[in-house]
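Those protein sequence lines, which keep their order, are chains Z and P.
In this text, residue positions in the first sequence follow the working numbering: the first is 1, and each later residue adds one.
In this text, residue positions in the second sequence follow the working numbering: the first is 1001, and each later residue adds one.
It is possible that some hints are incorrect.
[Claimed, not checked] In silico SDA-like cross-links for lysine to any residue, where the CA-CA straight-line distance does not exceed 20 Å: (1) P:1310 <-> Z:419; (2) P:1101 <-> P:1435; (3) P:1078 <-> P:1099; (4) P:1326 <-> Z:91; (5) P:1326 <-> Z:98; (6) P:1310 <-> Z:414; (7) Z:211 <-> Z:200; (8) P:1287 <-> P:1265; (9) P:1326 <-> Z:115; (10) Z:423 <-> P:1281; (11) P:1310 <-> Z:418.
[What the hints assert, rightly or not] Taking CB as the label site, the calculated pair distances span: (12) Z:371 <-> P:1222: 49 to 59 Å; (13) Z:421 <-> P:1228: 47 to 57 Å; (14) Z:245 <-> P:1458: 31 to 41 Å; (15) Z:267 <-> P:1449: 24 to 34 Å; (16) Z:91 <-> P:1228: 18 to 28 Å; (17) P:1222 <-> Z:92: 11 to 21 Å; (18) Z:267 <-> P:1122: 42 to 52 Å; (19) P:1190 <-> Z:267: 39 to 49 Å.
Bear in mind the hints are in silico, worked out from the structure with no lab data behind them.
Quick reminder that beta carbons are idealized off the backbone N, C-alpha and C, glycines included.
In case you want the letters, here they are:
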Amino acid sequence: MKRLLLPLLALVSTPAFAQTIAITGGKVVIGDGSAPIERGTVVIANGRVIAAGSTVAIPAGAQRIDATGKWVTPGIVAGFSRIGLAGVDGVDESNDTAAKSSPFSASLDIALAVNPDVEAISVNRAAGVTRAVVSPDAGNAIFAGQGAVIDTGADHDPITRARAFQFVEFGQTGASRAGGSRPAIFATFRNALAEARDYQVGRLREDSLLKRADAAALVPVITGAQKLVVHAESATDILAVLSLKREYPTLSLVLVGVTEGWRVADRIAAAGVPVIASAVNDLPAAFDQIAATQSNVGRMKAAGVTVAIGMIDDDDTRQAMHGAQYAGNLVALTRVPGATGLSWNDAFAAITSKPALAIGMGSEIGSLQPGRRGDVVIWDGDPLEVTSGVEAVWIDGVRQPLDTRQTRLRARYAHPQEGNLPKAYDR
Amino acid sequence: MRTSWVLIAALLAGCTTGTGAKPAAVADKAAPPKVNADPYPSTYKPYPGVATAIRNVTIYDGEGGRFEKGVVFFSGGKIVSVGGPETPIPADVAVFDGAGKWVTPGIIDVHSHLGDYPSPAVAAHSDGNEATGPVRSEVWAEHSVWPQDPGFSRALANGGITTLQILPGSANLFGGRSVVLKNVYARTVQGMKFPGAPYGLKMACGENPKRVYGSRGQMPSTRMGNMAVNRQTWIRAAEYKRKIDKGETVTRDLQLETLAGVLSGDILVQNHCYRADEMAQVIDMAKEFGYKITAFHHAVEAYKIADLLKENGICAAMWADWWGFKMESYDAINENIPLVAQAGACAIVHSDDPNGIQRLYQEAAKALADGRRMGINISDEVAWEWLSFNPAKALGIADKTGSLKPGKMADVVLWNGNPLSVYTRPEKVWIDGALLYDANDPKLRPVSDFELGQPGEGDTK
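Use the sequences and the hints to build the structure in full.
If you want it as structure tokens, here you go:
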């Protein structure tokens, strides 16, 4: 109840430039896979992490925050999400994830569509998610468009990096978007890259299949300047995607989903392609996920793959915070005979530094290493444990409000009986 | 058995055995066959088990009781004794020492579509919604359930699920009958059916029925249309029941048989309903027609009317933190479950999901912790009622399962740690005293026919 009373005014009065803050006494997790540091200190200044560890000098004049008995970590990075693109998923008018009847595809850019006022932003912020990889959803083409990396701050500037990647559907969904078969994906893909090259050298033909804007959007994909995030689930589809690397060596590939990755983990590792995996898929939900197992992430990690956790097609507009629960479930596997899980340290990295690395922003976000953005969360317990809660969040060094529509409703209905005035007057 | 099949049989057979006032000419003819109220009877038999004792564990008995260093002893498929360390253990039984572990009743999910929306989720398997008319109370979910759904095994091994209700979907106002299953693989659905469990009737409020039919230019297309079709249907059902009660001859009508079963109290209403205002409407409708709502499912706004639910003795089956996927889930809050429990109403954690069913214990833990942070102090052992005893009540089987009480079915989970933690998994699961999952024994890990011979067969999953 105390947290929810944090006044909305705090948001208004938050200084635009964060002051120097020293968070002391807490169990500090860097997020890079290293072990938690007991009674550590984290210092942030000018919106960046200055230092984090057990022996850290606290700058004079720093605001001190006592986190004794708490956990202090980098903010959670949602490895793959569609946060900010929908107010309510089922209300089409409020849902900008996919453009099912647009003539454009690869050029679609979500940067101006991310709405920091939607509830998914505040709810995830209050649950410790400070950054998110946000992707469009493929509408009527294999290319969905250009995704961004965002923050979940309570302000009107959500974009950390616009056009961070192009998203493309391979596998089952790609087949349906390409016209009905996997061969059609490859024909479409090769043609698109060829036409983008034509565009690059000023020779895009009038009768090209791609719109000019879409061809232009694929140029940085060809050069490798922009990541190409590819959705594939089955072992066969994963290998097909890896083969693109031989055909187009400059592509900067990232794999998403990858439910059957464990079956070809050595080959993913050898290709050096990072993975943003669905963490706990264990059902043969589709014919490209027949071999699903929760040991997938652990086995890929053991094989040397860089693995982050993401939430593709798993309430990806809203529930990125479940990534922490999933990471905890991967730790649980270490106690199940025959299963392969992740150590706690690796599991926490899988929802912080690993997604940042996968998307090419490891030097900016996802850990408390010096120089990273000042995204810090104080938890009342182990952040991977479902019973733990968030007590404070900073994004770019700015303290964030943690109240949401949900906490306001909670306060209004803490006692459901009628009062002297209707509930509409309780606030 | 709280609701009686005998009653249903008598009701449905009334037209043939009733009054004796019928003309002799009719009576002299061969009597029409009696209506069989249980034409697809359970053939489930408990699998063999051995007398088993677990000692030195923390026990939540499912009805709010807790024992430290406790003992659970079951034999012949039934719980024999539950208690503290002093509880006697017979000399000749298998004894598990569970230091650092927990024992609970098996978890019961009151809202599942396993089998009728199985994996893989392809169109050929999509058997959960008879979306061809808003009133489809004549369909029975058990006639859709594919007993080979790989989802049953995940619910067992990862979720500790021992009993579950399979419901038809929510496209219709009246979706059809549910079936309650023991979570065991069998060649037939009948081999999974929970013996003696009453049928449920799936009803749905709100967006789904009005969208499905409204988009076809058909009634209902609005919430008022939902209510109108509901009420007109109850009027027909009441008339049908009245005729049967009076011993009049009626042509059998499967649709109305189910509804008459509700009106006579033998079939339990399981009502998909999100919004507080709609739940209140439906409560009034139940009073108008004289039936009882057993549980609201997906009751996202239950916290707004917890007093009303308590007053009317209706359970609320809820998610811990699902929200925002459609308009009627927009007002979800994480404290819904503890707020309902605090008001003294019957709170249930449910899944409606083949993945969520594997983590219901984690969902309960989340809700419990969120409740505590707002000052609602419910103990772990009382919160376990949300997972076993309250769902058993809502299914009409609380006299048989849902808690570790002597004489009840030995539906038992041994957890490898605190079951209200993300780091915990079932170590062993017994159903009617038979060990059907053991994390330490790969042979006790079910592989459905579908999975046999496919990649990943027999994996830990």
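Which numbered hints fail = Failing hints, ascending: 3, 13, 18.
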